[in-house]
Amino acid sequence: VKEKNAKAFIIISAGFSESGEEGKKLEKEIAELIRSSGGCLIGPNCIGVITPAYSGIFTTPVPRLDRKGCDLVSGSGATAVFIFESAIPKGVNFSSVFSVGNSAETGVEDVLEYWDYTYDPETSSSIKLIYVESIRNPDKLLFHASSLIRKGCRIAAIKAGTSEAGSRAASSHTGALASSDSAVEALFRKAGIVRCSGREELTTVASVFFHKNLKGRNIAIITHAGGPAVMLTDALSAGGMNIPKITGEHHDNLLAMMNPGASAINPIDMIATATSEQLDKIIDYVDKKMPEIDGMTVIFGSNGLNDMAVIYDLLHRKIKECDKPLFPILPSVSSSHTELDYFLAKGHVNFPDEVVLGRALTKISNTPYPAADKIFLENIDVPLIRSIIETCPDGYQEPDVIQHLLKAASIPTVEEMIVASRKELFSAAEKMGFPLALKVVGPVHKSDVGGVTLNIRNRTHLEAEFSRMREIPQVKSVLVQKMLTGTELFIGAKYEPKFGHVILCGLGGIFVEVLGDVSSGLAPLTFREAESMIRSLKSYRIIRGTRGKPGINQQKFAEIIVRLSSLLRFATEIKEMDLNPLIGSMEAITAVDARIRIERSS
Numbered sequence: 001v002k003e004k005n006a007k008a009f010i011i012i013s014a015g016f017s018e019s020g021e022e023g024k025k026l027e028k029e030i031a032e033l034i035r036s037s038g039g040c041l042i043g044p045n046c047i048g049v050i051t052p053a054y055s056g057i058f059t060t061p062v063p064r065l066d067r068k069g070c071d072l073v074s075g076s077g078a079t080a081v082f083i084f085e086s087a088i089p090k091g092v093n094f095s096s097v098f099s100v101g102n103s104a105e106t107g108v109e110d111v112l113e114y115w116d117y118t119y120d121p122e123t124s125s126s127i128k129l130i131y132v133e134s135i136r137n138p139d140k141l142l143f144h145a146s147s148l149i150r151k152g153c154r155i156a157a158i159k160a161g162t163s164e165a166g167s168r169a170a171s172s173h174t175g176a177l178a179s180s181d182s183a184v185e186a187l188f189r190k191a192g193i194v195r196c197s198g199r200e201e202l203t204t205v206a207s208v209f210f211h212k213n214l215k216g217r218n219i220a221i222i223t224h225a226g227g228p229a230v231m232l233t234d235a236l237s238a239g240g241m242n243i244p245k246i247t248g249e250h251h252d253n254l255l256a257m258m259n260p261g262a263s264a265i266n267p268i269d270m271i272a273t274a275t276s277e278q279l280d281k282i283i284d285y286v287d288k289k290m291p292e293i294d295g296m297t298v299i300f301g302s303n304g305l306n307d308m309a310v311i312y313d314l315l316h317r318k319i320k321e322c323d324k325p326l327f328p329i330l331p332s333v334s335s336s337h338t339e340l341d342y343f344l345a346k347g348h349v350n351f352p353d354e355v356v357l358g359r360a361l362t363k364i365s366n367t368p369y370p371a372a373d374k375i376f377l378e379n380i381d382v383p384l385i386r387s388i389i390e391t392c393p394d395g396y397q398e399p400d401v402i403q404h405l406l407k408a409a410s411i412p413t414v415e416e417m418i419v420a421s422r423k424e425l426f427s428a429a430e431k432m433g434f435p436l437a438l439k440v441v442g443p444v445h446k447s448d449v450g451g452v453t454l455n456i457r458n459r460t461h462l463e464a465e466f467s468r469m470r471e472i473p474q475v476k477s478v479l480v481q482k483m484l485t486g487t488e489l490f491i492g493a494k495y496e497p498k499f500g501h502v503i504l505c506g507l508g509g510i511f512v513e514v515l516g517d518v519s520s521g522l523a524p525l526t527f528r529e530a531e532s533m534i535r536s537l538k539s540y541r542i543i544r545g546t547r548g549k550p551g552i553n554q555q556k557f558a559e560i561i562v563r564l565s566s567l568l569r570f571a572t573e574i575k576e577m578d579l580n581p582l583i584g585s586m587e588a589i590t591a592v593d594a595r596i597r598i599e600r601s602s
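The sequence shown begins at 1 in the working numbering and counts up by one.
Check each hint, because a few of them may be wrong.
Claimed, not checked - Below, a list of computed lysine-lysine pairs in the DSSO-like style, where the Cα atoms sit at most 30 Å apart:
#: 1; residue 1: K318; residue 2: K215
#: 2; residue 1: K556; residue 2: K446
#: 3; residue 1: K575; residue 2: K494
#: 4; residue 1: K68; residue 2: K320
#: 5; residue 1: K423; residue 2: K374
Just so you know, these hints were derived from the structure itself, not from any lab.
Construct the entire structure; sequences and hints are all you get.
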């Protein structure tokens, strides 16, 4: 280091912090030596760097650099190589590659910072891909990712090590310490990063990024094969995208362009005898005559009836000419590989699998633009929130304190009264009317001690349950609530070191407790972020309404999520908070049970 006055170092060797204490010590010594000399270190345990100025990737395949390609940063060398293997056959090229390995000095966040500060809209790639196992500086990642996206970039990322076993594997791989997965999900959502679960999804999302922006959720599926169109329809619908039914004049006009037996309902099924001329007319019609459609997919494989070179040339022209994005699903990667290679050589990408494309489109559509760092304050009584918090002891809070905090944030709560005697009990029942719910005050987990009874419909049952609950150990008093009907919902929050408050939402009951179907966001939240959280739930179709059953008021649900996030920004002493359940309908969303834990020491 000192003799050669070297300033840039790449260490590809493994056997450092990922291998144990001895390796960790050696890695630290090397990093400190390089840092003290004013140098920069990439690695160890990586495959190197490739940029227009320097090619130092020590493996194969070495991707062909293209200024219009993707920038990639990876915390795993082998994964970077396998991302190449997934991307190149689709037609995805790379502008630069940084394999940072163990990130002894230079990590993913530092590469994002470099891309941000050197970004030039004329010469820099606008597509950034990330593979990361450990996020060491969430604020830095959030700042630079958001900055890049606001400059016109699009970012997709894999965060691995989400399970306990995966975290253990990540630690043995790069010495990484796992972050809470819900915190990572929340961070990516706030930054505007599209989160992917694997290499195929990552490179498919990147392929979508190469197309015109999809400005809405309405998709027309143009196909000559029924099965793939059905699978694509399912994949899009599951993620909240729309395949609107085509009726009336548009339906009749499209049907007239096709052979007998075709269908124009959407999917627009041209059937196996479709010609390139028909495909040309249908694409033009959907693009120019149907403003309600936001984007098109075209499924076309080799059917023995068409010259695939002609089909691919047609798609080459239409992708360039159409105002709307057109996503080509070309599954004949073997039988028409020569023609397909020619198509890709013209600068296009291919989506060989319609389901992977469908999921990629929904993930992109459900990822909000980077949120403005503004706190929603409408009807949020900040002085009252602070005065309540400052007089509260540490630990789980009493129901009256919780009620006051929720009301200070204008979060709707069910009518309730704390009672300690039969006289107070019957007075509350007379005021509220049956049916009622009784809950114990004192034990944190009420259900575990038999401290919750619902749908009490008469005075006799009410008195019996009150007497029983008074005998439960540690019960201080009993809470009487008006019984509500509707869909059970859940909103929770937890303080995560380095990240701040992570907000969770979902359906209540089995969906959150057993299936773990929750979505997360990072406080403070905007309405757009909250709406994105709701749409990304697997149970979203229940929230929206399905099979004749009404859904819930999504706008009011989103508002409560935002209000809770604002409350937490002014009550950082709250380390855990649950609204579980809330009862939702199309008319209202109301919190019926809540838990808050305050801790000042951390």
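Going through the hints against the structure:
With a C-alpha separation of about 18 Å, the suggested pairing of K318 with K215 holds against the 30 Å cut-off. For the hint pairing K556 with K446, the CA-to-CA distance comes to about 27 Å; that is within 30 Å, so the pair holds. Under the criterion of a C-alpha separation no larger than 30 Å, the hint pairing K575 with K494 is consistent with the structure, at around 6 Å. Taking the CA atoms of K68 and K320, the gap is near 16 Å; set against the 30 Å cutoff, the hint holds.
For the hint linking K423 to K374, the alpha-carbon distance of about 48 Å lies beyond 30 Å, and the restraint is violated.
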